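Undergrad: These protein sequence lines are chains A and B, in that order. Per this note's numbering, residue 553 is the first one in the first sequence, and the count goes up by one each step. Per this note's numbering, residue 553 is the first one in the second sequence, and the count goes up by one each step.
Hints listed in this document are in silico derivations from the structure and should not be mistaken for laboratory results. In this text, all values refer to a predicted model and were calculated from it rather than measured experimentally. Among the hints, a few may not be true.
Identical chains share a label here; the pair holds if one copy fits it or two copies do between them.
Taking lysine to aspartate or glutamate and the EDC-like style, the derived pairs with C-alpha atoms no more than 16 angstroms apart in a straight line are [as the list claims (entries may be wrong)]:
| no. | residue 1 | residue 2 |
| --- | --- | --- |
| 1 | K658 | E1152 |
| 2 | K865 | D617 |
| 3 | K799 | D756 |
| 4 | K818 | E808 |
| 5 | K658 | E1153 |
| 6 | K620 | D773 |
| 7 | K859 | D1034 |
| 8 | K658 | D1156 |
| 9 | K1076 | D650 |
| 10 | K868 | D1034 |
| 11 | K566 | D617 |
2 protein chains.
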Amino acid sequence: MGVMATATGELTQKDLEFMTELGKQLRVDSIRSSTAAGSGHPTSSMSAADLMAVLMTRHLQYDWDNPKQAANDHLIFSKGHASPLCYALFKAAGAITDEEMLTFRKFGSRLQGHPTPAIPWVDVATGSLGQGLPIAVGVALAGKRLDKLPYHVWTLCGDSELAEGSIWEGLDKAGHYELGNFTAIFDVNRLGQRGPTEYEWHLDVYSRRVEAFGCEPIVIDGHDLGEIDSALARGRASAHPTVVIAKTKKGSGFSEIENKEDWHGKALPEDMAERAIKELGGVRHLTVSIAKPEPAEPSLPATAVVKLPAYEKGEKVATRKAYGDALVALGAITRVVATDGEVSNSTYSQEFQKAYPDRFFEMFIAEQQLVATAVGFSVRGYIPFASTFAAFFSRAYDFIRMAAVSQANIRLAGSHAGVEIGQDGPSQMALEDLAAMRAIEGSTVLYPSDGNSTAALVREMAERQGIVYMRTTRGAYPVLYDAGEAFPIGGSRVVRQSDSDQVALIGAGVTLHNCLAAAETLAKEGVNARVIDLYSVKPVDVETLRKALADTGGRFVVAEDHYPEGGLAAAVHEALALEPSPPRVAHCAVRGVPTSGTPEELMDAAGISAGHIATAARNLLNS
Amino acid sequence: MGVMATATGELTQKDLEFMTELGKQLRVDSIRSSTAAGSGHPTSSMSAADLMAVLMTRHLQYDWDNPKQAANDHLIFSKGHASPLCYALFKAAGAITDEEMLTFRKFGSRLQGHPTPAIPWVDVATGSLGQGLPIAVGVALAGKRLDKLPYHVWTLCGDSELAEGSIWEGLDKAGHYELGNFTAIFDVNRLGQRGPTEYEWHLDVYSRRVEAFGCEPIVIDGHDLGEIDSALARGRASAHPTVVIAKTKKGSGFSEIENKEDWHGKALPEDMAERAIKELGGVRHLTVSIAKPEPAEPSLPATAVVKLPAYEKGEKVATRKAYGDALVALGAITRVVATDGEVSNSTYSQEFQKAYPDRFFEMFIAEQQLVATAVGFSVRGYIPFASTFAAFFSRAYDFIRMAAVSQANIRLAGSHAGVEIGQDGPSQMALEDLAAMRAIEGSTVLYPSDGNSTAALVREMAERQGIVYMRTTRGAYPVLYDAGEAFPIGGSRVVRQSDSDQVALIGAGVTLHNCLAAAETLAKEGVNARVIDLYSVKPVDVETLRKALADTGGRFVVAEDHYPEGGLAAAVHEALALEPSPPRVAHCAVRGVPTSGTPEELMDAAGISAGHIATAARNLLNS
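Build out the structure end to end from the sequences listed, making use of the hints.
TA: Written out as structure tokens, the structure is:
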């Protein structure tokens, strides 16, 4: 049995009957898969079953055989724990079999506890609440301003996640950019994990908030198919971003648990599941022939040749400035886009904004949305670069963590790292970012020391998959390398060496300059020090480190403008952990909370200046 | 010249004249200090000068000689970059000299680029925007529900930071808890760092949002002293949380830059500063005799004896359950309070809620506010424990980073860490938390493996200063230790050893159990393995590791339910970095994004099961 209805058609009795049945099927399947798994969220799925039944039958435009079709709508389950519903929907769309659906949450199944892009019809991983909506805003922004295609972006939210500030960052930007192609559906089932939500069924609270944040609220009964249909039609048609605020019942359709507490995140035991399926009219295998969009592709101008900026050796250039210049050069690639957290004049992404205003997006001071927007752009195949102060990416750490699970390809540029920033003080100093970013799965972490290597690495970032982070420095330091030299990710540079190096000084970014000065001092004392620019903090250049280990007798000084844990030194340790004789590592890092002062004063106070590096080398040689 | 006015008095012409002069002094001093420093934010200070002049003259109740007086109001500069204004206010309060004020941003001065508690009248460090307000909400919540004292909490916000979702998490909770003792002052000066703000002077936008989030908006001209006075009086008097939304001019009072772009975060050059001071009527040294509150102390019941839970050896207990049980026991200490992000039935903080409902605070799913509330409680001298899934503390990482700068004493308990959680999948798995938390300055990171050590460590957490993080495990595992044994922070436990250990297996939390199983396997093969419970990940027990290094010939296997970077293995490397011969470390850690499955399947797939640990040990012995 299969029925196709279209969004444009009049709602007929037959449609209503079909969608009623489909809503029941989605509930039954949510129960079946979670009971088979022995865990999962059937009740949070059941509350939204009617919403999804109407959406897929009459409003969603999606070619299930071709999930990469550029004209497809997007549907993002911000309430990722409603994965049983998501997978039941996939079954009803004919995308997966009933049999596969029942592999839910089992080892080896792509139908994991929360949706991830291991499934071709899933754009992003969700399950950390409050993230799907902001990412959907990013996708919609791409639709309106980059792709310029009429696809619609739908996102299903739970009411518990509306307490997350990120939801409001997202709606604010949906309003600001007037994203008429965006519709959020709030499944207000009144019950959270451990009891009633903050506002239960006070839909007026949500409605006022949505309106105040620049979106159009549409309040409905989330189990009235006609109301849902009208609301979704209005959602697609409106020139404004819309939010359907649906009053629903958790566990809807099974009287034993409907609207009852203590049923969050619990699979029904088999006997209960049987009774529920019976009450819901039994197992069905309806298939919806979901409307396909008119195929379309964004018409992007052809990409031109990238001509990176070139700096003279010895010229003083801040790597953040080189980042901005290189980003402008990358603009020749028409899929490169940029976004910033209202500090583009500090990160230098404003250079890109000036050159390519149509491909630059201001997120104001909302770092979670900044990263979410980049992830949304990645979903649409763009090459996003997001920038803010390195310290403030910590605001979006959960988004970055989840972006890795989402297999997103995003590039983050964090400026003003470390005590080197000087007078502004510790609130503005990233001193834990290398540790945090290295720990992101599959991440790339770069920390260049001069203008030309920065430019080369920005070029590399464009091609790199996954989460790619570059740390840039506030102050201007001498250019060390010739323009045009290669700086592959995973590489390093031996900046100074001799046939009789007694110690290796390893730095990156600003501390590389301090290492070079320390090597000068040591040379005057007759000590030959190798200096390594470990610009690729992850992946790290194991071969060069291994050679230095052999050549120096295993005497390393690692200097970093970062707290001692988990940064550059940890990268060196981890790289050589299984060597027959791992290096001894003296570590110059920032200990204690810094204060204000000049960069020089603060680097000296932190023990990462040239003087301290030289002392550490001497101590190592004398011990 | 000094004038004292009181909040209760009628506003006289003399008051107005004084406050006009004071407002000019605050502007002049903001210019003088920043020009002397050569950096800083005079224009963002000038916009709020009149607001602060009226606040301190007629509304703030504060004993400047006794900042620890429990009845003092709180004033938190959420817009921390307005530090010149903050310090000018301190001068006008007679708390610092003009001379000290001019040390602003200089090395060695406590008057840093952004305020920190290095200054006795500063509660928390600000400068990462959007944090002061949420923390003020936490302080106000303590005032209303814990201290039950009539002090008022004031927080000054910039308009740019209103784009941060955390602001709305905070106002939501101010509304939810009906914090009539809370007043935020929005200094809407229309201009952000790189141009106009999102809503410029559309005060109605902010007003609607504030009202929708449950607070009382009071819209005023922020340079009309009478309007300011009425608004602040209403703020203190209202039974509701209030937000004064003040239209102001950036650079107010100096015609050359007032309300002009491109003057954000720039000190005036000396010649301009001279003209500005002249236009503002010259340098003044007014002192305000700020009203002191009636001294008062919260009346807390006496603390009783803490009787920790005790578990039988071999009994299966989840460490998250032991956390909850131990927290209940700690409740005997009347300053212990708890807060949770709507997952208290998973983290087991609900046990505390049941036992001490008046000292438990639900933050719903708003992790930034969760941590901010804990910081606010710390400001008031409480001993806060905040809990959520370990993965979701990443949502509040910037708040945790700043809490360290704030010298806050907060305890964070993150449950459901690692692949061990099983079916829920990667979105719910903390796999980078050890790296991220270790990198927080001065932090303590704990990861116990059994019920009794968990209980002992929860007890230790209560006394510990700084950011203290405990990672707990979802599943139940056998109790390893007798109840009542000591588990000092910075310690470890050698769980298994012999006189001829050939390798050390180092684990924590769930992997300790896997290490023990691996040691059993190896023993059957004639290999003696030492097993170390490295429950104190930071600080780490260097002595025990050093002894293992000597005894095993430097053969270590470190197993952790965490990504490979920056976690337990890095802690071991860093601890032994300067040993004459550092250990060789085989590392069993989670590589690649995990999926769903049983805990056993996932630990095996990740390579951290007993079998993999034994294999790693064998390989180490054979290489």
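Undergrad: For each hint, tell me whether it holds in the structure or not.
TA: Hints versus structure:
1. K658 / E1152: between (56 angstroms within a copy, 12 angstroms between copies)
2. K865 / D617: neither (54 angstroms within a copy, 56 angstroms between copies)
3. K799 / D756: within (11 angstroms within a copy, 29 angstroms between copies)
4. K818 / E808: within (14 angstroms within a copy, 65 angstroms between copies)
5. K658 / E1153: Intra 57 angstroms, inter 10 angstroms, cutoff 16 angstroms: inter-copy only.
6. K620 / D773: So K620 and D773 fail the 16 angstroms test inside a copy (34 angstroms) and across (53 angstroms) alike.
7. K859 / D1034: Close inside one copy (15 angstroms), not across copies (68 angstroms); limit 16 angstroms.
8. K658 / D1156: between (55 angstroms within a copy, 14 angstroms between copies)
9. K1076 / D650: neither (76 angstroms within a copy, 47 angstroms between copies)
10. K868 / D1034: Answer is within; shortest intra-copy Cα gap is 13 angstroms, inter-copy 63 angstroms.
11. K566 / D617: neither (26 angstroms within a copy, 78 angstroms between copies)
When held up to the earlier numbered hints, the structure conflicts with 2, 6, 9, 11 and fits the remainder.
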